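Keeping their order, the protein sequence lines are chains V and X.
With the working numbering applied, the first sequence corresponds to residues 1308 to 1400, in that order.
With the working numbering applied, the second sequence corresponds to residues 1308 to 1400, in that order.
There may be inaccurate statements among the hints.
Treat identical chains as interchangeable: a pair holds within one or across any two.
[Stated by the list, open to error] Once the Cα atoms are required to be at most 27 Å apart in a straight line, the calculated DSSO-like pairs of lysine-lysine come out as: (1) Lys-1357 / Lys-1398; (2) Lys-1357 / Lys-1322; (3) Lys-1345 / Lys-1317; (4) Lys-1398 / Lys-1317; (5) Lys-1357 / Lys-1317; (6) Lys-1322 / Lys-1345; (7) Lys-1321 / Lys-1398; (8) Lys-1321 / Lys-1345; (9) Lys-1398 / Lys-1322; (10) Lys-1357 / Lys-1321.
It should be emphasised that the hints constitute simulated quantities derived from the structure, not laboratory data.
Note that the structure is a prediction, hence the values are computed from the model and not measured.
Protein chains: 2
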Amino acid sequence: MPQEVGRQYKEIMKKYLESHSEEDLYVGQQFSRRFIEKEIAPEDVISIHKTAMIELHPELRNEVWDSFDFLIEMMIHYGLTLREHQSLIRKQE
Amino acid sequence: MPQEVGRQYKEIMKKYLESHSEEDLYVGQQFSRRFIEKEIAPEDVISIHKTAMIELHPELRNEVWDSFDFLIEMMIHYGLTLREHQSLIRKQE
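Make a model of the complete structure from these sequences and hints.
So, in structure tokens, the structure goes:
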């Protein structure tokens, strides 16, 4: 499953990078709902994004990949807070 | 305040991009706790990250900046879910 999601993510982003259209950007935003349903953590989204960019644009400079690693770390506490939310919701159900 | 946070973020990331040290990465992770306390949304973190990268590495290719715009859209629903959590917490207090 995560590989499938990664493949779809890459395809949607590729389309946006080529078209720059608001419509393709919106497709991405809608796709992210499925990420949340599948409880994919925000730090994993950055990781999926990094993998897609490596595959689409391997020529980019190292600073880009390093900056994604930094961003993954920044998202870890957001992921923890979200999981707290999901367990709170479950308790209320 | 947001400008100050952006400046600090840039400095911390700059250090990491130069050192690649686990320690500097950890400083970033700890710094993100303050972001959550200040209720900075995850999509705003990507935006702050993009601004810092533009200032640190303006020479990077357009694909990088466009990919950050795509990532911002991906984070919007995560931001909504987090705000829902924060309002739930407040109700319980």
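Hints, verified against the model:
1. Lys-1357 / Lys-1398: For Lys-1357 and Lys-1398, the Cα distance exceeds 27 Å both inside one copy (34 Å) and across copies (37 Å).
2. Lys-1357 / Lys-1322: both (16 Å within a copy, 21 Å between copies)
3. Lys-1345 / Lys-1317: For Lys-1345 and Lys-1317, only the intra-copy Cα distance (17 Å) is at most 27 Å; the inter-copy one is 32 Å.
4. Lys-1398 / Lys-1317: Answer is neither: 35 Å inside a copy and 39 Å across each miss the 27 Å cutoff.
5. Lys-1357 / Lys-1317: both (10 Å within a copy, 20 Å between copies)
6. Lys-1322 / Lys-1345: Within one copy, since 23 Å is at most 27 Å while 35 Å is not.
7. Lys-1321 / Lys-1398: Neither, since 39 Å and 42 Å both go past 27 Å.
8. Lys-1321 / Lys-1345: Classified as within: same-chain Cα gap 22 Å, cross-chain 34 Å, threshold 27 Å.
9. Lys-1398 / Lys-1322: neither (40 Å within a copy, 42 Å between copies)
10. Lys-1357 / Lys-1321: Cα proximity of Lys-1357 and Lys-1321: in one copy and across copies (13 Å, 19 Å).
When held up to the earlier numbered hints, the structure conflicts with 1, 4, 7 and 9 and fits the remainder.
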